[in-house]
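Those protein sequences? They're chains U and V, same order as listed.
Take 1 as the starting number for the first sequence in the numbering used here and just add one per residue.
Take 1 as the starting number for the second sequence in the numbering used here and just add one per residue.
Just so you know, these hints were derived from the structure itself, not from any lab.
Only a predicted model underlies this, so the values are computations on that prediction, with no experimental measurement involved.
Yeah, the Cβ is synthetic: ideal placement off N, Cα and C, and Gly gets one too.
Mixed in with the good hints, there may be bad ones.
Here are the simulated distance ranges between beta carbons [unchecked claim]:
1) V/Asn-300 <-> U/Gln-60: 27 to 33 Å
2) V/Gly-274 <-> U/Arg-13: 36 to 42 Å
3) V/Gly-274 <-> U/Gln-60: 33 to 39 Å
4) U/Pro-37 <-> V/Asn-157: 23 to 29 Å
5) U/Leu-18 <-> V/Thr-163: 16 to 22 Å
6) V/Glu-187 <-> U/Ala-24: 55 to 61 Å
7) U/Arg-64 <-> V/Phe-284: 49 to 55 Å
8) V/Asp-226 <-> U/Lys-68: 53 to 59 Å
9) U/Gln-60 <-> V/Val-110: 28 to 34 Å
10) U/Glu-74 <-> V/Pro-174: 33 to 39 Å
11) V/Leu-231 <-> U/Arg-64: 30 to 36 Å
For reference, the chains in residue letters:
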Amino acid sequence: MLTEIRRAALETRVQYGLMVVFGALCIIAALSPLQDPVRITTVGTLFGFTAGLWVSHLVQVLQRAVEKSRENAENRAVG
Amino acid sequence: MSSTEPADESAETESDSKFLASITFVTGEDANVGSFLLVVGIVTCVFIALFQFTLPEPISHLLTAGVLFVTVLSAIFAALLDSLGYFEQAAGDAAVATTGRVDSSARPWVPTDRKAAPLPPMINFDDELRDYAEMYDGDLPEQFDPFIRDYLRLKTNTGNRRTIASDLRADLNPIGALFEEGTEGDELYEAISDGLFRYIDSDTEHVTLDRIVFYDAEGNEVDVSDIRDQLGRVELTVSNEGEAVDVDVLVQFYDAGGTSISSRTCKVGTVWPGTTRTVDTDAFVPSETSRAGTTIRVSNPKPGLADA
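In isolation and in its complexed conformation, chain V is listed as follows:
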């Protein structure tokens, strides 16, 4: 999409408009599978007429058969693309692409094509944008356009969110310039800015171990030193404010001198953005244990993993 720089965008839009005006004439706005087939049909007719009227008989029939073959192939592709929702997705983005300005509906930051991926809470700015929209009676000034455009990109992408978040931070500058320090608008600006900076920094610190509890064989909550030389159960609660990550927690048992004597890795699995997971596992507590410590290890989730 031509949305990186406003200056580039206007120049590009101008050059596009002449080329696109002629296509719009044929396909209409918000083209769908019908427009696609219509264009294919028109082109088919033009070529068939051309071959039939200008070329001698056996050749014209051969080339007409070729044209019809391509048309049938196009129709099959159109049906496949339609079944994959390709045309609906294209129409969903039409408002942004055709006007050059973001959708002027009440909530322009909500993707219209239902393909949004969940945002981590720290970069979910829906509440802040709603407050801004209320501040301007639902009509956000054009300084918000680049921000909203990149925010929509952020919502619909998962692969390169950190890069988009950096773009979003740059888009925030014209918004910050609109408000005096200490005003409500400035506070919202600061909140968005903080969220973006925290997100851009690192993923690791977004995962926190909220709680670690040891239970004895009867299921009573106990201190780790009370179940020495026994098989106990350890319960861990992990929360994630960042992107989805695979989390393993290493529980280490230390003696009175602070030396690690044993450890147990608890696989927490994939922790999705803004969620908390609790897992428990059996662990043998060595007899010299005086305290337990934990280390969080994160890794990127495997693609297509649908861990519960």
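Bound conformation, chain U alone:
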């Protein structure tokens, strides 16, 4: 995973960056002294953004891994 971050394309870095931003904002909102309805709405929304980014990132990584594994299988067939 660490290597992947190092080699990551710009879009992956953006995804990680946004996850960190929304995650941090979610924590701040949860601890903030706002009224309960506002706090709950904000925390829920920010957590939704964070989780959504994470799941979409996982789908993207899985898609790449499948493509790569198919490519490797073809190369092995060639070899």
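Once you've looked at the hints, dock chain V against the given chain U.
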């Protein structure tokens, strides 16, 4: 990978290092599926604790359920990625990525993650690199780093090899500067350079027809003019020094005046890098034939084709 320009690389590595140091602290070097799940677990705990301690009861339970759902989903994805060998591949490249220098093992030009595709002989420089390594007692100078990095890319890619070969030719310049003209190092440099230029030029000339033989009905080797007006057999041997290509050979029959009177297309199929294929096919030789000629036609092999 941040490997295009040494100057860019150092700047990028510096900016990366701060960001990555904190991640390394959590995942450890050479992260694998265990590190991945550990990070997911830590994040899960943080969010659950946050929701449980800061939000009122029904909402905190709902959000905790959401966190657990995402965690289970992540674990399923991790299992899928692990079964596809994703984490092993990432770890295989770790030496190059973490140090910024290529692997200092005895043979740094050999990919460590077993995903190399066969190289055409003209751009297989393993022997030359081995000679260079012996010249430096196994410790190649840093002028070789960009070359070896792109050479590994060349070995693990099949789609854009010509572009990588051009990069590789550029990477060769600092190596050429290390050696005086006429020395062993310079000869190896010239050999690599020639191979790259030949490869970059074109694919067509890499396929050659080594041999064409005609046989009569009894299976005896004969001249084409001896089997006029008969069904004979033509045997072709084709070799390929370049990338894998689909080859068809057009055998044309000419009369005494040099006019093409008939032709027969022989499908040789896919000829893999550095291999030779022999095929034979029946062909009717017209009665006016005095000689035969051939034309090689190449096309890119269809993806996923596993022709024997």
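Check your understanding: Of the hints stated earlier, which fail here?
Key -> As far as the earlier hints go, 4, 5 and 11 are violated by this structure, in ascending order.
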